[in-house]
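Make a model of the complete structure from these sequences and hints.
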Amino acid sequence: MTVVTRFAPSPTGYFHAGSYRTALFSWIYARQNKGKFILRIEDTDKERSKKEYEENIVESLTWLGLEYDEFYRQSDRTDMYKKYIQQLIASGHAYVSTAEQEAIRAKEMVAKFGKAAKPESSEPLRSVIRFKNPNKKVAFDDLIRGRVEFDTTELGDFVIAKNEDEPVFHLVVVIDDHEMGVTHILRGEEHISNTPRQILILEALGKPILQYGHIPLLLASDRSKLSKRKGAVPVSEYRSRGYLPGALVNYFALLGWHPSDDVEIMSLDEIVSKFSLERVQKGGAIFDEEKLKWFNRQYILKLSDADFAEHSKPFLPEWIVPNSDTFRKLIPVLRDKVVIFADLHDMFGANGEMAFVHRIAEYPTDKLLWKKNPDRAASVKHLSAVKEFLLTVAESSFSAENVKSVLWPYVETNGKGDVLWPLRMALTGQDKSPDPFVSAALIGKTESLKRIEAAIGRLSA
RNA sequence: GGCGCCAUCGUCUAACGGUUAGGACGGAGCCCUCUCAAGGCUCAAAUACGGGUUCGAUUCCCGUUGGCGCUACCA
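In this text, residue positions in the first sequence follow my numbering: the first is 7, and each later residue adds one.
Just so you know, the hints here were simulated from the structure itself, not pulled from any lab data.
Treat the hints loosely; a few may be bogus.
Said to hold, decoys possible - Under the rule of at most 25 Å between Cα atoms (straight-line distance), these lysine to any residue pairs were calculated in the SDA-like manner:
1. LYS410 with GLY423
2. LYS422 with VAL399
3. LYS377 with HIS351
4. LYS299 with GLY248
5. LYS168 with VAL154
6. LYS168 with ALA210
7. LYS335 with ALA210
8. LYS410 with HIS351
Note that the structure is a prediction, hence the values are computed from the model and not measured.
Structural data, given as structure tokens:
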């Protein structure tokens, strides 16, 4: 039997980490079993569903590399649902509950639970279609949790449609999963309590029960459910902040699942080959951005220069010309420091550690002196000597390696800090910056000499 | 409230009756070092609680506590 899984989001918000991980697990399971992965947009709630969100979901899925084999939108399928609703009514498994009956029911609920029990609806009561609950015990074997049992009596006769043209979640899910040939429903834990009523509908329809696996929820840092207000960042935002899709996939796969070895850095292919539902965690997991950053850093380290350059582009200041010589020289320096590509904004910002490549910032003369040996005369002497050495390097071969080799003997005999600190400050004007050899090469021979002379001038004044 | 699910370091997790309870992120310290990083080494840090079962419980059972979910004409 071919495995068919699905991801069925409602387009009522941006696609964020919580639903993303559920999609990932479903996708992995389908791929692992050489099956199909279906994307189904559940837009039966006309009020809250928006096209914008649907596009966001599709874009994010694509960016992450989770391609789907089939695509459906529930709003395109109302005719089919209608047939099923009529069938259910005809067979006595469902009935129309009139507005009057609804009013009575509402009163009974208030009497039973007190007015705090239900969110009061200001809408006038209308007639709806309810499922005739056989009031029995329902059990299923959850792929992740084992046997789960419910007594469905307390569910009462639940609503399956507002009218023949407007079915409600529980009904459409059941019909679609059946019609689409879904075999394994891997979904969030919040649906575990919904499963019995879906099974009831399935039985009323005379359809077979499917395999259910309920994946633990992703939690905000206070262990509450992840929500828009609390920590649910859209996947598209991670993209725009400069996270790599591979890092995201890798991190989220490990949130709630763990391979039998301790290897954490894995490609999607490796994850697919190692994945098993038995090793999926039962408890909810808190999403930790620090660890995501660590993954992103590991993935950045593995990027080729060309790929690194490509990913950097959107975050670079205007004065850096893509594909220029300076840009190429910058790549290894940047790669050492970037955790997410958005870091580039700060690094090249007014007081960023890489701003010196463009223009040196104002800084107090005292900063030219090494705090461990703040000797003005010695600093002037060292800078002058360095200047003479740099003069011997041709403009065309002014690389970090060449600069270093011509200066190194002098640096070693006169003290690294004594020579290099004033030099680094003279070249960059920053407490934090790449080493002076790299910095010199980045700004070039002419500019380096100019800045060194200026520093000597200030120290001598 | 009712029903259900869950419970190992701060966080993600390993362990499928016998381990000095392992790894990773983060943290601390040391080394390296002209700065900031990176890198290397080291350390601190957990089985929620109480009963059973067993020669032996993180592991199995029961209870308590706690967290979460569902309890909608949202999905």
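Results for each hint:
no.: 1; hint: LYS410 with GLY423; verdict: 15 Å, holds
no.: 2; hint: LYS422 with VAL399; verdict: 20 Å, holds
no.: 3; hint: LYS377 with HIS351; verdict: 30 Å, violated
no.: 4; hint: LYS299 with GLY248; verdict: 10 Å, holds
no.: 5; hint: LYS168 with VAL154; verdict: 30 Å, violated
no.: 6; hint: LYS168 with ALA210; verdict: 19 Å, holds
no.: 7; hint: LYS335 with ALA210; verdict: 69 Å, violated
no.: 8; hint: LYS410 with HIS351; verdict: 29 Å, violated
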